[in-house]
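In the order they appear, the protein sequences are chains A and B. Here the first sequence is numbered in the numbering used here, starting from 1 and rising by one per residue. Here the second sequence is numbered in the numbering used here, starting from 304 and rising by one per residue.
Any given hint could be a false lead.
Now the in silico label distances, taken between C-beta atoms and shown as ranges [to be verified]: (1) B:Gly-323 / A:Asp-81: 20 to 30 Å; (2) A:Ile-265 / B:Ala-352: 22 to 32 Å; (3) A:Gly-285 / B:Glu-331: 41 to 51 Å; (4) A:Glu-40 / B:Gly-341: 51 to 61 Å; (5) A:Thr-79 / B:Glu-331: 29 to 39 Å.
Not close to chain A: a few residues of chain B, all C-beta gaps over 10 Å, as computed [claimed, not checked]: (6) Thr-336; (7) His-338; (8) Glu-367; (9) Glu-372; (10) Gly-389.
Just so you know, these hints were derived from the structure itself, not from any lab. Idealized CB from N, CA, C, for every residue including glycine.
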Amino acid sequence: MILSDLSEAEVKRRLRAGEMVFTCGPFTVRVASPVQHIGEALHLLYADYPLSDGFADFRLDLMTSGGVRRWLRPKVVFTADGEQPFAPFPLDQAYPLFEWSLNWCIATVTHQCLIIHAAVVERDGRALILPGSPGTGKSTLAAALVNRGWRLFSDELTLIDVDTGRIVPLPRPISLKNASIDTIRAFAPNAVFGRITHNTVKGTICHMKPATDHVRRAYETALTGWVVFPKYAAGASAKLAPRSKHDTVLELARNCFNYRVLGRIGFDLLCDALETSECFDFEYGKLDDAVAAFDRVRLKEAA
Amino acid sequence: MPDAIWRTNHFCSFRWRRWGDEWVVFDEGSGDTYHLDGLSAVALMCLAAGPCSLAELSQQVSIETDLAESEELSRALVSVIDRFSGLDLIEAATP
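Put together the whole structure using the sequences plus the hints.
Here it is, written out as structure tokens:
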């Protein structure tokens, strides 16, 4: 049974009752919230995710604040196992807060995988890892690529399985920010988008629904094929420049959430991932050029 | 410094990976990762194998590489020792 088998009203009821449990990649997530538009967003953007009634890896409570404030400036508060890692958010930012909270849960308590702050997409069994600081365009690039034949693994968290060294899919809605929202709407007019949220700490946010097939194939892992550090520059032509592996290891280590926790296992995983990979710096100004550049690299290697 | 005996820090334990002449080393003690050139990598491996003076290190590095013992090699190793010492990877051994 998948989430779209439920009516929106039933999704909201389960959320209110703390009975909304679904599987997302390797994780099972339980969500509790009375906030209406979290229900609307889950019903739309998580439509293809399998429902579960078993043990959940994470429980996310997103509750409205009480007292007088709830009438004047309604807020939503995220709690996980009694911990409140973020300050309350305005109520209309509840859905982005849900996504950030789920990221937080995965990044703080998951150690069966090395977790890199990077987008990752796959084609022909090879993963393309796109690390980068906010604003470098990794989510935008991932959104473009998954609308041109690549499979979404994640726009935010790259998971390398500790036991197998393979990249584990965690397909979730892609978080688009500011100008990239209209860019991707124009680039992929058939894609499904959630509501727009303004004035968040990251600016204006809109989430793009992952393709049904990508969610269904969330158990299909991949080997690392490429590590590409993207940089968007308006008007720039697409340019891939080879990058050294030693520098790539250091940069990826800096972008990991649990590298030090895993110690030598994390080091070995990163180095092993690079043994099978080509590494590049990538500057781009147009998405069509970027997609074509990646396809050239992929086809050249296949040949 | 020329008379000092150098050894790796008691808490350091290294894992290595090499691509061409470039090395990456992970220190399990601190959790830090470093990029090393060939000379630095060989020097750290020699120091990890056992305490030695600059002269002994120079001799060992010369044996492990194609570099002849020279003033230039000694000066380069002084810089390497300074760097490692600053990173707490090595320390002067107390008698």
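Each hint tested on the structure:
{"no.": "1", "hint": "B:Gly-323 / A:Asp-81: 20 to 30 Å", "result": "violated, 47 Å"}
{"no.": "2", "hint": "A:Ile-265 / B:Ala-352: 22 to 32 Å", "result": "holds, 25 Å"}
{"no.": "3", "hint": "A:Gly-285 / B:Glu-331: 41 to 51 Å", "result": "holds, 43 Å"}
{"no.": "4", "hint": "A:Glu-40 / B:Gly-341: 51 to 61 Å", "result": "holds, 59 Å"}
{"no.": "5", "hint": "A:Thr-79 / B:Glu-331: 29 to 39 Å", "result": "holds, 36 Å"}
{"no.": "6", "hint": "Thr-336", "result": "violated, 5 Å"}
{"no.": "7", "hint": "His-338", "result": "violated, 5 Å"}
{"no.": "8", "hint": "Glu-367", "result": "holds, 20 Å"}
{"no.": "9", "hint": "Glu-372", "result": "holds, 28 Å"}
{"no.": "10", "hint": "Gly-389", "result": "holds, 17 Å"}
Of the numbered hints listed earlier, those contradicted by the structure are 1, 6 and 7.
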